[in-house]
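Chemist: Okay, here's what each chain looks like letter by letter:
There are 4 protein chains.
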Amino acid sequence: MPKKIKFSAIAVVFGSCADRYVLEGYSPKKSFDEMMEAAKKVPSLEGIELVGGWHLTAKNAKEIVKKVEDYGLCVSAIIPELWSSAKWGQGSFTSRDKKIRQDAIDEVKRAMDLAKETGCGIVVPWFGQDGYDYSFQSDYIQAWDFMVEGLFECANHLPDVKIAVEYKIKEPRTHCFIGTIGKAILLIKEVGKDNVGITLDIGHALEGYENMAESVALAKRFGNKLFHLHLNDNYRLWDDDMIPASVHTIEMIELLFWLNKTGYDGWYSLDIFPYREDGKKAAIEGIEWIKGLSDLIDKMGEKEIERIIKQGDATQASALLRKFLLS
Amino acid sequence: MPKKIKFSAIAVVFGSCADRYVLEGYSPKKSFDEMMEAAKKVPSLEGIELVGGWHLTAKNAKEIVKKVEDYGLCVSAIIPELWSSAKWGQGSFTSRDKKIRQDAIDEVKRAMDLAKETGCGIVVPWFGQDGYDYSFQSDYIQAWDFMVEGLFECANHLPDVKIAVEYKIKEPRTHCFIGTIGKAILLIKEVGKDNVGITLDIGHALEGYENMAESVALAKRFGNKLFHLHLNDNYRLWDDDMIPASVHTIEMIELLFWLNKTGYDGWYSLDIFPYREDGKKAAIEGIEWIKGLSDLIDKMGEKEIERIIKQGDATQASALLRKFLLS
Amino acid sequence: MPKKIKFSAIAVVFGSCADRYVLEGYSPKKSFDEMMEAAKKVPSLEGIELVGGWHLTAKNAKEIVKKVEDYGLCVSAIIPELWSSAKWGQGSFTSRDKKIRQDAIDEVKRAMDLAKETGCGIVVPWFGQDGYDYSFQSDYIQAWDFMVEGLFECANHLPDVKIAVEYKIKEPRTHCFIGTIGKAILLIKEVGKDNVGITLDIGHALEGYENMAESVALAKRFGNKLFHLHLNDNYRLWDDDMIPASVHTIEMIELLFWLNKTGYDGWYSLDIFPYREDGKKAAIEGIEWIKGLSDLIDKMGEKEIERIIKQGDATQASALLRKFLLS
Amino acid sequence: MPKKIKFSAIAVVFGSCADRYVLEGYSPKKSFDEMMEAAKKVPSLEGIELVGGWHLTAKNAKEIVKKVEDYGLCVSAIIPELWSSAKWGQGSFTSRDKKIRQDAIDEVKRAMDLAKETGCGIVVPWFGQDGYDYSFQSDYIQAWDFMVEGLFECANHLPDVKIAVEYKIKEPRTHCFIGTIGKAILLIKEVGKDNVGITLDIGHALEGYENMAESVALAKRFGNKLFHLHLNDNYRLWDDDMIPASVHTIEMIELLFWLNKTGYDGWYSLDIFPYREDGKKAAIEGIEWIKGLSDLIDKMGEKEIERIIKQGDATQASALLRKFLLS
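Chains as they are written, first to last, in the working numbering: chain A, 666 to 992; chain B, 666 to 992; chain C, 666 to 992; chain D, 666 to 992.
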C-alpha cells in the first residue's frame with residue numbers, strides 16, 4: 666500500500682523571489698496572507714515552513730499558528746534566521762566574534778522555542794554564512810570546534826525539539842564548512858545528541874555531486890539521522906532551486922524509493938525559488954511530480970526493485986524504469 | 666505520424682571497454698564477428714559505425730561491407746582514426762609537425778574513400794587529441810588555421826562525402842580546440858563547404874553545459890548543419906558514455922523533439938562505453954528508451970508542444986511532460 | 666618596454682554588495698559620492714564603468730561626468746540596464762513581448778548616447794536575462810533572430826560608439842543564449858558591424874570551462890573583436906566575482922600575455938562583488954596583482970615565452986613560470 | 666627553519682601513460698630498470714611508491730628493494746592492486762561476490778606484508794572500483810558494511826603497518842563510495858584502528874570541490890589521521906593528474922602551510938600521469954614547485970600567516986601572497 670506523503674513548503678515559495686541582480690524581486694512583494702492564500706490552493710499541501718524572526722516571533726507565534734490553521738495548514742518547521750542579515754556575513758556559529766556566535770545560538774534557541782510553541786517540534790538551521798571565500802581566510806579546525814559547541818548548546822536547550830542541520834557545499838560562501846553528507850554526519854555524530862540530525866536538500870546534494878539516494882542511505886546507516894527533506898532540482902553545478910523532478914527524473918525516483926526503504930517519516934518540504942514562475946503553480950507541479958513518481962514506485966513494486974538492486978545490473982535497472990515510465 | 670528513426674551503433678559498443686586503469690578491458694576481447702553477432706540481435710539496429718583502419722581498410726572494405734550485410738546491418742558511418750595511437754598525442758590536424766598534419770588529413774581522406782566505397786557517404790572526425798593540457802602550451806590562432814586548412818582540403822577530396830565534425834570540450838586533452846557547439850559552427854562556417862557539418866554527441870554537449878536541444882537548434886539555424894548524432898548520457902561533468910536517457914530524461918525528450926522539428930534525417934548512433942555491462946543489452950536499452958521517448962512526443966503532440974514553447978511558462982511545460990510521463 | 670595598462674572599475678565595486686539571501690547588502694548602502702571617494706584612493710585606477718539609468722541619465726550626464734572628473738577619474742564605459750529590473754525577467758532583446766524588446770533596444774541606444782556624451786565611446790550590454798531555465802521553455806532559433814536584429818539596430822544607431830557584448834553561460838538564467846566565446850563570435854559575425862565586438866569577463870569564461878587566453882586569441886582571430894575586459898576570478902563553477910588572481914595565477918598570466926600579444930588596447934576593468942570585503946582594498950589588490958603579473962611577463966620576456974609556446978612542451982612552460990614566480 | 670620534505674613518486678610516473686583511447690600508451694613501454702633510471706635523476710626524490718603484484722611480489726620483494734636501493738632510492742609505500750584488473754570491475758571490498766571480497770582483502774594483506782618486508786610500513790588502498798555507475802545499482806548501506814569489515818580485518822592483520830585509505834569522488838565508477846574527506850573520516854572512525862588513516866590526493870580533493878588545506882585540517886582534527894599525500898593538479902572537474910601547482914598556485918600554498926601546521930610528517934608523493942610529457946622532467950617540475958612554494962611560506966613566516974588567518978580578511982591574505990609571490 667502506498668505511503669502517505671506529508672507535503673510542506675517554505676513560505677517564501679509563495680512570495681517574491683529576488684537574486685543578486687533583481688534585488689526588488691521578479692514579482693510584486695506579497696503579504697503573509699497573500700502567501701497563505703496561494704498555499705491554501707495547492708492540493709495535498711499540509712505544512713508551511715516558516716523563517717523565525719521573519720514570519721513569526723515569540724510575540725506573534727500564537728496568532729501566526731492560528732492564521733496558518735485558518736488557511737487549512739500547519740506549521741511544519743522553523744528555519745532560524747542565520748543567513749539573511751549582514752550581521753552573519755562572517756559567520757554565525759563560527760563567527761570570530763563571540764557575541765555574534767552567542768546571538769546565533771540564541772537565534773536557534775528562539776527558533777526551537779517557536780518550534781515547541783507551534784507544535785512542529787523541528788528547526789532547520791542552515792549554516793550558509795559559515796564558511797570562507799578565499800585561501801588563508803579561515804581556521805578550519807576552530808570553525809568546527811565552534812560549530813560543535815554551538816550545536817551542543819542548542820541541543821540541550823530543548824531536548825524534545827529536533828535540530829535538522831541542512832548542509833550545502835557552497836553559496837553564499839564559496840565554501841561552506843558543513844558542505845557534504847559526510848561532513849554533516851561527522852558533525853552530528855560528534856555532537857552526539859538524539860535530537861540532532863540532518864536535512865537533506867536535493868539541490869545541495871546534487872551540487873556536491875552526491876546521489877541523493879546514497880546520501881539518504883548514509884544518514885540511515887549512521888544513526889537513522891534523516892530528520893527533514895527539502896525538495897527542488899537543479900543542473901548539478903549550482904543551487905538553481907527549480908521545481909523537483911524538472912531535470913532529474915531517474916535519480917528522483919531512486920531517492921523516493923530509498924526514503925521509503927529507510928523508513929523516513931518526516932516532511933517532504935518544497936524549497937524552490939520560482940523567480941519567474943507563479944509560486945502556487947510551481948508548488949503544484951512539484952507535488953504532483955513527487956506523487957506521480959511515488960505511485961510509479963508502488964507499481965514497480967518494492968520486491969522487484971530490491972531484486973534489481975541485488976543484481977547490480979544497470980541494464981536490468983534501466984529496463985524496469987523504462988517499462989514503467991514509458992508504458 | 667511518428668517518424669521512423671534509423672538506429673546505428675559504433676562497433677566498439679559490442680567490444681570490450683577499457684579505461685586508463687583496466688587497460689586489458691573489463692571483459693574479454695571480442696572478434697569483429699562476435700561484435701556483429703551481438704549487434705545483429707539488437708532489435709531496430711540497422712547501422713554499424715566503423716573506425717577506419719581498425720575495422721576496415723581499403724583492402725578489406727568490400728569484404729567488411731559484405732560481412733556487415735550478412736549480419737543484416739549496413740555501414741552507417743566511418744570514424745577516421747585520429748585519436749587512438751601515440752602518433753596523434755600532440756595533435757592531428759593541428760600538430761606542429763607538418764608530416765603528422767598531412768598524415769591526419771590523409772587518414773580522413775582514406776576514411777572518406779571508405780565512406781564512398783561502403784556507401785554510407787559520411788565520416789565522423791573527432792579531434793580529441795587536438796587541444797592542449799597546460800597553459801603556455803599552445804598557439805591557439807595557429808591551431809585554428811591548421812584546423813580550417815585541413816578540413817578544407819578534406820572537403821574538396823570528395824565533395825559528395827559528408828564530413829560531420831564531432832566537438833568535445835575535454836578528454837583526452839584537458840582542453841580541446843573544437844569544444845563547443847559555438848566553436849564547431851564557427852569552424853564549419855569558415856571552411857564553408859556544403860559537405861562539412863557537425864556531429865552532436867549528447868555527452869559532449871552535456872559536459873560543456875549545453876542543452877542538447879538548443880545545440881541542435883543552432884546547428885539548424887546556421888545552415889542546417891547537423892549531419893550526425895551520437896547517443897549516450899552522463900552526469901554532466903565528464904563523458905561517462907552511459908546508456909542514453911539513463912540520467913537525463915527531460916532534456917532527452919526535448920532533444921528528440923528538436924531533432925524532429927529541425928528535420929534531422931541522419932542516423933541515431935549509439936556511442937556508449939558499457940564497461941561493466943553487456944554491450945548488446947546496453948544497446949537494446951538505449952534504443953528502447955529513445956523509441957519510447959519518441960512515442961511519448963507523438964502522444965504529447967507537436968502542436969501542443971509548440972504551443973507550450975510559445976508560452977515559455979515552465980509550469981505548463983512541466984505539467985505536459987508530467988501528464989504524459991506519469992499517466 | 667612594459668605596456669601601460671588602463672585600469673577601470675565598475676562603480677558598484679565600491680558600493681554595497683547583496684546576494685539572494687542578504688538582499689539589504691553585506692555593508693551599508695553608499696552614495697555615489699562615497700563610491701567615488703573610495704575609487705579615488707585606488708592607485709592606478711583611471712576609469713569608472715557606470716550603469717545607464719542607475720548612475721547616470723541623459724539629464725544628469727554632464728553633471729556626472731564632471732563629478733567623476735573631479736575625483737580624478739573618467740567614465741570608461743556604460744553598461745545598459747538590461748538585467749536588474751523585473752521587467753526583463755523573461756528576456757530583454759529576446760523577450761516574447763515586442764514592446765519589451767523595443768524598450769531593451771532603446772535602453773542600449775540611450776546607453777550609447779551616454780557613451781557618446783561622456784566620451785567613453787563604448788557600451789557593455791550583458792544579456793543575462795536572455796536565456797531560459799527549463800526544458801521546453803524557449804524557441805532557441807527565434808531568440809537568436811531577435812538578438813541579431815536588436816544588435817543590428819543598435820549598431821546602426823551610433824556607428825562610432827562601440828558595443829562590446831558580454832557573454833556568460835549561466836546566471837541569472839540557468840542557461841543564457843550568448844553563453845560562450847564561440848556563440849559570442851557567431852553573434853557578432855552575423856551582425857557584421859565594425860562597432861560590435863566582445864567583452865571578455867574572466868569569471869564568465871572560467872565557468873564555461875574556457876581558458877581565457879584561448880578566448881582572447883579567438884576574438885582576435887575572428888576579426889580583432891575583443892573590445893572590453895572584465896577582471897575577476899572564481900572557483901570555475903560559478904561567477905564568484907572574486908579578486909582577480911586570487912585563485913588562478915597561471916592562467917591569469919597566460920591571459921595577460923595574450924592580451925599583449927593580440928594588441929588589446931581597451932580597459933582592464935574590475936568587475937568584482939566584494940560582498941564581505943572593503944571595496945577599495947579589494948580593488949587595490951586586484952590592480953596590484955594584475956600589475957605584478959604583467960611585470961613578471963616583461964621579465965620572462967616575450968621572445969622566450971613565444972619560444973616556449975612554439976615548443977608546446979608543458980615542462981618547459983612550467984620551468985619558465987616557476988623560475989620567475991619563485992625566484 | 667624550513668621543514669625537510671620527503672619526496673616520493675609512484676613508479677608509473679616514469680612509465681608509459683595510457684588512457685581509454687590510446688591503450689598502448691603515449692610513449693614506449695619502459696622496463697622497471699628504465700623507470701628507476703629516470704627516477705634516480707630527479708633531484709630530491711627519495712622514495713618510490715610501488716604497486717603490489719605489479720612491481721613487486723612476495724617472491725621478488727627482497728630483490729626489488731635491493732634494486733631500488735641500488736638506484737639510491739627507497740620503497741616509500743605499497744599500493745594494493747584493487748583497480749587494474751577486470752576482476753574488480755564490480756567492486757573489490759564491496760563486491761557482491763564473497764570470494765572477490767576476500768581476494769581483495771587478501772590483496773591488501775599481501776601489500777601489508779610487502780610494506781613490512783620492504784620497511785616502508787604503509788599501504789595506500791584506493792577503492793576506485795568500489796562504487797556504482799547507474800541509479801538502482803547499489804545497496805549503499807551494505808557496501809559500507811562490507812567496506813568497514815574489510816578494512817577492520819586488514820587493520821588487524823599487521824597493526825604496525827599503516828593503511829592510508831585514498832578517497833576519490835569518481836572514476837573509474839561514476840560514483841565511488843569513499844568519495845570525499847567527510848566520508849573517508851567517517852569510514853576510518855568506524856573502523857577505529859590506530860593504523861588506519863587517510864591518503865589525501867590533491868586532484869581527488871579538487872574534483873570534489875574541496876579546498877585541500879581544509880581537508881588536511883579535518884584529517885588532523887578527527888584524530889591526526891593524515892597518513893599519506895599524493896601530489897598533482899587538475900582543472901577541478903576531473904582527475905587530470907597534472908604536474909602539481911601547474912594550475913592552482915594559491916591553494917597549493919595554503920595546502921603546504923596546513924601540512925606544516927598540522928605536523929604532517931609523511932611522504933609528499935607524486936601521483937601524476939604525464940601522458941605527453943617526459944616523466945622525469947615532469948617529476949622534477951613538480952618537486953621544484955613544491956620546494957619553491959615551501960620556501961615562500963618560510964619567507965612569509967608562520968607567525969604572519971597565522972595573524973592573517975586570525976583576521977579572516979581576504980584582502981590582507983591577498984596582499985601577503987602577492988608581496989611574496991611577485992616581489
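I should point out that these hints are in silico values taken from the structure, not numbers from a laboratory. One thing to keep in mind: the hints can contain errors.
No distinction is drawn between identical chains; accordingly, a pair holds when it is met within one copy or between any pair of copies.
To be verified - List time: in silico DSS-like cross-link candidates among lysine-lysine, alpha-carbon distance up to 27 Å:
{"id": "1", "residue 1": "694", "residue 2": "956"}
{"id": "2", "residue 1": "946", "residue 2": "763"}
{"id": "3", "residue 1": "988", "residue 2": "964"}
{"id": "4", "residue 1": "854", "residue 2": "946"}
{"id": "5", "residue 1": "705", "residue 2": "964"}
Chemist: Next, verify each hint and record whether it holds.
Modeler: Consistency of the hints with the structure:
| no. | hint | in the structure |
| --- | --- | --- |
| 1 | 694 to 956 | neither (30 Å within a copy, 45 Å between copies) |
| 2 | 946 to 763 | between (44 Å within a copy, 26 Å between copies) |
| 3 | 988 to 964 | both (11 Å within a copy, 16 Å between copies) |
| 4 | 854 to 946 | neither (39 Å within a copy, 41 Å between copies) |
| 5 | 705 to 964 | neither (30 Å within a copy, 33 Å between copies) |
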